[in-house]
Amino acid sequence: MERGEPIIEFRDFSFQYNAQMEPTLYNIDLTIYKGEKVLIAGPSGCGKSTLVNCINGLIPFSYKGEIKGSLKINGEESSSQSISRISNTVGTVLQDSDAQFIGMTVLEDIAFALENECVVKEDMLERVHRAAQIVDISDHLEYAPTDLSGGQKQRTGIAGILVDDVEVMLFDEPLANLDPATGKTAMELIDEVSAGTGATVIVVEHRIEDVLHIDMDRIILMEDGRIVFDGTPDALLSSNLLIEGGIREPLYITALKYAGVEITEDKLPHSIRSINLTYEDKDLVRMWHESTPTVRPAPKTDTILDIKNLEFAYEDREPTLKGVDLEVHRGELMSIVGRNGAGKSTIAKVICRFEKDCTGSMELMGEDLKTLSIKECADRVGYVMQNPNQMISKTLIFDEIALGLRMRGFSEDAIQEKVESVMKICGLYEFRKWPISALSYGQKKRVTIASILVLDPDIIILDEPTAGQDFRHYTDIMEFLRDINSRGITIIMITHDMHLMLEYAERALVFTDGRIIADDTSAAILTNPAITEKASLKETSLYHLALMCGIEPSEFVQHFINYDREVRS
Amino acid sequence: MKLLNYIERKSPVHSLNGASKLFCLLMWICSTMITFNTPFLLGATILGAVAFKLSRLKLSEQKGLLYFLLCFMLLNALLIYIFNPERGVELYGTRNLLFTIWGRFTITKEQLLYQFNVILKYLSTIPIILVFIGSTQPSELAASMNRIGIPYSFSYSFALALRYIPDTVASFIDISRCQQARGIEMSNKESILKRVKAAAALVLPLILGSVEQIEVITNAMELRKFGTQKRRTWIMSRPFRAGDYLTIVIGIGMMAFVIAYNVINGSRFWNPFI
Chain A
491 MERGEPIIEF RDFSFQYNAQ MEPTLYNIDL TIYKGEKVLI AGPSGCGKST
541 LVNCINGLIP FSYKGEIKGS LKINGEESSS QSISRISNTV GTVLQDSDAQ
591 FIGMTVLEDI AFALENECVV KEDMLERVHR AAQIVDISDH LEYAPTDLSG
641 GQKQRTGIAG ILVDDVEVML FDEPLANLDP ATGKTAMELI DEVSAGTGAT
691 VIVVEHRIED VLHIDMDRII LMEDGRIVFD GTPDALLSSN LLIEGGIREP
741 LYITALKYAG VEITEDKLPH SIRSINLTYE DKDLVRMWHE STPTVRPAPK
791 TDTILDIKNL EFAYEDREPT LKGVDLEVHR GELMSIVGRN GAGKSTIAKV
841 ICRFEKDCTG SMELMGEDLK TLSIKECADR VGYVMQNPNQ MISKTLIFDE
891 IALGLRMRGF SEDAIQEKVE SVMKICGLYE FRKWPISALS YGQKKRVTIA
941 SILVLDPDII ILDEPTAGQD FRHYTDIMEF LRDINSRGIT IIMITHDMHL
991 MLEYAERALV FTDGRIIADD TSAAILTNPA ITEKASLKET SLYHLALMCG
1041 IEPSEFVQHF INYDREVRS
Chain B
-12 MKLLNYIERK SPVHSLNGAS KLFCLLMWIC STMITFNTPF LLGATILGAV
38 AFKLSRLKLS EQKGLLYFLL CFMLLNALLI YIFNPERGVE LYGTRNLLFT
88 IWGRFTITKE QLLYQFNVIL KYLSTIPIIL VFIGSTQPSE LAASMNRIGI
138 PYSFSYSFAL ALRYIPDTVA SFIDISRCQQ ARGIEMSNKE SILKRVKAAA
188 ALVLPLILGS VEQIEVITNA MELRKFGTQK RRTWIMSRPF RAGDYLTIVI
238 GIGMMAFVIA YNVINGSRFW NPFI
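Read top to bottom, the protein sequences are chains A and B. Count along the first sequence from 1, then add 490; that gives the number in the numbering used here. Numbering-wise, the numbering used here puts 59 at position 72 of the second sequence, and it's gapless, one number per residue.
Any given hint could turn out to be false.
Straight-line C-alpha distance at most 25 angstroms; calculated PhoX-like pairs for lysine-lysine [stated by the list, open to error]:
1) A/Lys884 - B/Lys181
2) A/Lys674 - A/Lys1028
3) A/Lys865 - B/Lys(-3)
4) B/Lys181 - A/Lys846
5) A/Lys884 - A/Lys923
6) A/Lys611 - B/Lys(-3)
7) B/Lys(-3) - B/Lys50
8) A/Lys611 - B/Lys217
9) B/Lys184 - A/Lys934
10) B/Lys184 - A/Lys865
11) A/Lys884 - B/Lys184
If you want the footprint, here are the derived chain A segments under chain B, 3+ residues with CB under 8 angstroms [claimed, not checked]:
12) 572 to 580
13) 599 to 612
14) 872 to 884
Sample of chain A residues facing chain B (criterion: CB under 8 angstroms; computed from the structure) [as the list claims (entries may be wrong)]:
15) Leu548
16) Lys554
17) Leu584
18) Asp586
19) Met594
20) Thr636
21) Cys842
22) Phe844
23) Glu857
24) Thr861
25) Ile864
26) Lys865
27) Leu893
28) Gly894
29) Ser941
Note that these hints are calculated values from the structure, not bench results. Glycine residues also receive a C-beta, built at the ideal position from the N, C-alpha and C atoms.
Just chain A, with the same shape it has in the complex:
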């Protein structure tokens, strides 16, 4: 590929935060050229966020630390510029689209940078409308952030950097808060905008397969503050570096490797649409598929929660749940999926009695849930919020886990015993004397789950249990949940993550507009284009691989799940 001028040049660049004992980035050598599309990947803590902050100028201007080596942005040393100078070249769209959204309305948010540059109102309006048109948000200019979907907020975010005619668009985990279909559209939009404006695109993500939905020129792989790979997607996917680096490979690559197919650069493995498989390769896949009979997990039948004709509406609004019928069985590990606003969080809140004004019936083992208070209900159905920091109200782990028991008047001896046994189950016993603030995100998550588990509920409902976690932490949390599940606790997870759904949930409920439109195995749902499209999901790449090889897709996906489970355990 013909390369343009360099726009970002790291030369033997190291960085150490003032508060840290060791550098976060070591001897980075990296050049990004004008017009390139580059993906930066790596597990949590590999330094990719720090790299982002160097590129957009937050380092060294907001976060202080020691810099060695050189970083040139648009030909000039970054430390001799200023944040606002650098943002003329580099526009950043942050991961948290709510925080990125500063204005009271879309119009004001897009105009924010221009207002700060003292552009006169008439010019502003013209430039804002032009940017809004590019990202197709012109019809929502007077909307407030609360009335927008995740995808629309992100469009606003992109428009907000486009008004400044930036040369580099920097995206920090753009897919983190989006449902799968919206994520796909977001990547297409990024591609379109870069083609239209000629801007360089830098995407930081650990969801490689979803980013590679569009053609990226290069992938940079980071590990422990160093660049371990810098090359084309095809070259990376032909290696084993992703797995070694603790990052998830695209599923079709994993499947092909299981089948014994050799993946080489000339097969163009960067996308399921581009990959060239030989007849021999397809034969290998078919043989692998037929090597063992596909066992479907035996459905569970002992009904624990029985919901009939459940309806619910928030004050003065359209009903969010419209006649939901649902049976949950003892010991199930199930997922609830669907786009934002489809009713999946609402049904969890109604079951937990957070929202009370519902009609229809809800019975837990014959007991009417609708007569219970929120506290009584929590003895039977526990709810774990997405963000552990929102649940934790004590400073010591022991006190946090013991809180529910103390409120229920248990004796201190009984509390001691119960809390210790739950700590052991949750792998927290060794930290029992630690303050909670010293724990990592994943450990805090465990604390919140432990504080629910200690009340000995029959069902635990988790909202996005692995949001924002890399592959290693994801596996950690999910294996932990599977372990709890094997102890007889029924688990319901609300999620956008198709991998989680596929790999861990044997059953999936699909919500659309307040109704359940599908209730089946995850393998069946993610290979059904009619359902995935309706519910804003994305069919798995395994579906396309199966079609390519002439195998019945849902059988193939089920086979993959079973095989993968065995390999990994």
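Put chain B on the given structure of chain A with help from the hints.
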């Protein structure tokens, strides 16, 4: 319940510039707070009612704030009387006793006039506050504050607070329900003291969450050049029209009248007793 309730409507008051309305509001409040000129306060009350009428707002739309202000007014009036039933006598310098309720609680003409003035101060400002809030877009508020001379960083933080109130309320509700599920009782079954203590337990996660959020928002703002220039423009600002100049003149007129009256009369009080 919303305390600040902007209502989109077509009216001569809605079409005014936020800055001129804010200026007039401040002048209005200052002048009515300073003076004890009863005819002036009566005039201001009528003018306020006219402005409210012109704005085509309804009292029922501003219930929350209206009740709050009225309660405050009554409480204020009651406390003034309890602390010093003869404050009016001290101020006006005469004593026309009407009757005595009990002990030191007397009713004098002077006290009645004094308290009537205090109530009028409220009655003349309440409608104008309601009009301002009901007819000024929150987005325009920051631009207006900046226009009348308040530094833009302060004005913007004010707007930002408004922007994040719904988010904060939503996360507070979620946090509170999760804690209730764990057993912290927040309903009125529990004593006030216990509920206050329980609410305190909810504040920690809320604050921790907000601190995280603030750092991210600060970064987002800096990355889009907030604070790099001495001033900034506002896409929601509006040009000044004839009505705006009139509004400003009304504000200045009221203030000027009050100052002139104080100077000429030698006191803030309109005194019919001598």
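Structure-based check of all given hints:
1. About 17 angstroms separates the Cα atoms of A/Lys884 and B/Lys181, which keeps this hinted pair within 25 angstroms; it holds.
2. For the hint linking A/Lys674 to A/Lys1028, the alpha-carbon distance of about 8 angstroms falls within 25 angstroms, and the restraint holds.
3. For the hint linking A/Lys865 to B/Lys(-3), the alpha-carbon distance of about 48 angstroms lies beyond 25 angstroms, and the restraint is violated.
4. Simply put, B/Lys181 and A/Lys846 have alpha-carbon atoms about 24 angstroms apart, close enough for the 25 angstroms limit, and the pair holds.
5. Taking the CA atoms of A/Lys884 and A/Lys923, the gap is near 13 angstroms; set against the 25 angstroms cutoff, the hint holds.
6. This hinted pair checks out: A/Lys611 and B/Lys(-3) have alpha carbons roughly 23 angstroms apart, not beyond 25 angstroms.
7. Annotation: proposed proximity of B/Lys(-3) to B/Lys50 holds, straight-line Cα distance about 21 angstroms (limit 25 angstroms).
8. Among the hinted pairs, A/Lys611 with B/Lys217 is consistent with the structure: their alpha-carbon atoms are about 17 angstroms apart, no more than 25 angstroms.
9. For a cut-off of 25 angstroms, the pair hint linking B/Lys184 to A/Lys934 stands: about 24 angstroms separates their Cα positions.
10. Under the criterion of a C-alpha separation no larger than 25 angstroms, the hint pairing B/Lys184 with A/Lys865 is consistent with the structure, at around 18 angstroms.
11. Distance hint between A/Lys884 and B/Lys184 is fulfilled; the C-alpha atoms sit about 13 angstroms from each other, no more than 25 angstroms.
12. Residues of the region 572 to 580 of chain A lying with their CB closer than 8 angstroms to a CB of chain B number 4, which satisfies the three-residue condition for coverage.
13. Proximity of the region 599 to 612 of chain A to chain B, defined as three or more residues with a beta carbon under 8 angstroms from a beta carbon of that chain, is established by the 11 residues found.
14. Note: the region 872 to 884 of chain A has 9 residues with beta-carbon separation from chain B under 8 angstroms; the three-residue rule is met and the coverage holds.
15. Hint status for A/Leu548: holds, given a least beta-carbon distance of 6 angstroms to chain B, under 8 angstroms.
16. For A/Lys554, the interface hint is violated, the least distance from its beta-carbon to any beta-carbon of chain B being 14 angstroms, above 8 angstroms.
17. Because the closest C-beta pair between A/Leu584 and chain B is about 6 angstroms apart, less than 8 angstroms, the hint holds.
18. Interface restraint check for A/Asp586: the shortest CB-CB distance to chain B comes to about 6 angstroms, inside 8 angstroms, so the restraint holds.
19. Hint on A/Met594 holds. Least Cβ distance to chain B is approximately 4 angstroms, under the 8 angstroms limit.
20. Among the interface hints, the one on A/Thr636 holds; its C-beta lies about 6 angstroms from the nearest C-beta in chain B, closer than the 8 angstroms criterion.
21. This hint holds: A/Cys842 has a C-beta 6 angstroms from the nearest C-beta of chain B, less than the 8 angstroms allowed.
22. The criterion of a C-beta within 8 angstroms of any C-beta in chain B is met by A/Phe844, whose closest approach is roughly 4 angstroms, and the hint holds.
23. With a cut of 8 angstroms, the hint placing A/Glu857 at the interface with chain B is violated, because the nearest CB-to-CB distance is about 17 angstroms.
24. Given hint, A/Thr861 at the interface with chain B, is violated; its Cβ is 16 angstroms from that chain's nearest Cβ, farther than 8 angstroms.
25. The closest approach between the C-beta of A/Ile864 and any C-beta of chain B is roughly 5 angstroms, which is under the 8 angstroms cut-off, so the hint is satisfied.
26. Restraint check, A/Lys865 versus chain B: the minimum CB separation of about 5 angstroms is within 8 angstroms; hint holds.
27. Given hint, A/Leu893 at the interface with chain B, holds; its Cβ is 6 angstroms from that chain's nearest Cβ, closer than 8 angstroms.
28. Residue-level restraint check for A/Gly894 holds (minimum Cβ-Cβ distance to chain B is 4 angstroms; threshold 8 angstroms).
29. Because the smallest distance between the Cβ of A/Ser941 and any Cβ of chain B comes to about 7 angstroms, under 8 angstroms, the interface hint for this residue holds.
Hint compliance for this structure: hints 3, 16, 23, 24 are broken, all remaining hints hold.
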